[in-house]
Amino acid sequence: MKSGAGLINFIAWVALFLKGSLGIMGLIVLFKLSKALDIYISGEKDDSFF
22 MKSGAGLINF IAWVALFLKG SLGIMGLIVL FKLSKALDIY ISGEKDDSFF
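Just so you know, this note's numbering puts the end of the sequence shown at 71, numbered straight through with nothing missing.
If you are wondering where the hints come from, they were derived from the structure by calculation, not from laboratory data. It is possible that some hints are incorrect.
[Said to hold, decoys possible] Derived pair list, reagent style SDA-like, types lysine to any residue, alpha-carbon separation capped at 20 Å:
1) LYS53 x LEU37
2) LYS56 x PHE38
3) LYS53 x TRP34
4) LYS53 x GLY64
5) LYS53 x ALA26
6) LYS53 x ALA36
7) LYS56 x VAL35
8) LYS53 x LEU28
9) LYS56 x ILE29
10) LYS56 x ALA26
11) LYS56 x ALA33
12) LYS53 x ILE29
The structure presented is a predicted model; accordingly, all values stated were derived computationally and were not measured.
Work the whole structure out from these sequences, hints included.
Below, the structure written as structure tokens:
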């Protein structure tokens, strides 16, 4: 849970950075990447810890 919160914090920080430099496209790409990462990480956690 702590690593998940840290990941969300990191994504929010990167989103603010991208908003300044790339605008909406950066946010859309980041959102898609974060969704893919979230699915990948939860899949990895299920395989590794259970």
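Original post:
Looking at the structure, which of the earlier hints fail to hold?
Top reply: Result: no hint breaks.
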